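Colleague: So the chains spell out like this:
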Amino acid sequence: SQQGEEDPQALSIQEGENATMNCSYKTSINNLQWYRQNSGRGLVHLILIRSNEREKHSGRLRVTLDTSKKSSSLLITASRAADTASYFCATEEVTSGSRLTFGEGTQLTVNP
Amino acid sequence: DTGVSQDPRHKITKRGQNVTFRCDPISEHNRLYWYRQTLGQGPEFLTYFQNEAQLEKSRLLSDRFSAERPKGSFSTLEIQRTEQGDSAMYLCASSSRYYEQYFGPGTRLTVT
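Residue numbers (our numbering), protein chains in the order written: chain A, 161 to 272; chain B, 108 to 219.
Calculated directly from the structure, the hints in this document are not laboratory data. Every value quoted in this text rests on a predicted model; they were computed, and no experiment measured them. Misleading hints may appear alongside valid ones.
Distance windows between CB atoms, simulated [what the hints assert, rightly or not]:
#1 Phe-181(B) - Val-204(A): 36 to 42 angstroms
#2 Pro-272(A) - Phe-181(B): 39 to 45 angstroms
#3 Glu-163(B) - Gly-219(A): 30 to 36 angstroms
Just some of the chain B residues that point at chain A, by a computed CB distance under 10 angstroms [to be verified]:
#4 Gln-113
#5 Pro-115
#6 Asn-158
#7 Leu-162
#8 Ser-165
#9 Gly-211
Keeping only pairs whose Cα atoms sit at most 20 angstroms apart, straight-line, the calculated SDA-like set for lysine to any residue is [unchecked claim]:
#10 Lys-164(B) - Asn-212(A)
#11 Lys-229(A) - Val-254(A)
#12 Lys-216(A) - Gly-257(A)
#13 Lys-164(B) - Lys-230(A)
#14 Lys-216(A) - Ser-165(B)
#15 Lys-178(B) - Lys-121(B)
#16 Lys-186(A) - Tyr-209(B)
#17 Lys-121(B) - Tyr-206(B)
#18 Lys-216(A) - Thr-255(A)
#19 Lys-164(B) - Ser-256(A)
#20 Lys-164(B) - Ser-258(A)
#21 Lys-118(B) - Ser-199(A)
#22 Lys-216(A) - Tyr-206(B)
#23 Lys-118(B) - Val-218(B)
#24 Lys-186(A) - Ser-165(B)
#25 Lys-178(B) - Val-218(B)
#26 Lys-216(A) - Arg-201(A)
#27 Lys-186(A) - Arg-129(B)
#28 Lys-164(B) - Glu-253(A)
#29 Lys-164(B) - Asn-137(B)
#30 Lys-216(A) - Tyr-209(B)
#31 Lys-164(B) - Arg-201(A)
#32 Lys-229(A) - Asn-212(A)
#33 Lys-118(B) - Arg-201(A)
Glycine included, every Cβ here is placed at the ideal spot set by N, Cα and C.
Given these sequences and hints, build the entire structure.
Modeller: This is the structure in structure tokens:
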């Protein structure tokens, strides 16, 4: 079953703008991970944030985690056409061992 | 540094045939995972191994599916008597404990 729910399902922006995607989940987690997937290809790991962390940065990416609201956000700053992809959040639940539960993803389109 | 590799990348088979996929994880990773992804959806967990032990199997993994990881290195996923509903991308990932999962490029299965 899908635990993470991404919002919005689709997002279209102009190059140079910022893109924000949100993820909500239902159960207690060990960590939350964000992945990118270009059309029909494998998943690329972007960032992992642990349950005791509130914010992490990696290059143009900023991830926040609010465990009280069971939500996370991914911010991509100064977007580029190459950022066009599907973005998924995935949770490692406390009770589920180390398997990941993915949401349905946000399709981001960055127009040049 | 080689990533996760999967073979074949594409497989077209007729309904009722058996297929086998192979995954080679990152060498120092002791955990290996299989996921399945259909169009427009996030990946869904199938099974995972810690070393050679299969620790968890999803209810999605019917008795037509079997996975092995002999000697805790590469893994194979076999689907017997394939059905059209088995058409999907089969993704393999590997990790060390408490760390991010790295995905391979996937094997796209089409059952005709």
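Colleague: What are the numbers of the hints that this structure violates, sorted from low to high?
Modeller: The structure conflicts with hints 1, 5, 6, 10, 12, 13, 14, 15, 16, 17, 18, 25, 26, 27, 31, although it agrees with all the remaining ones.
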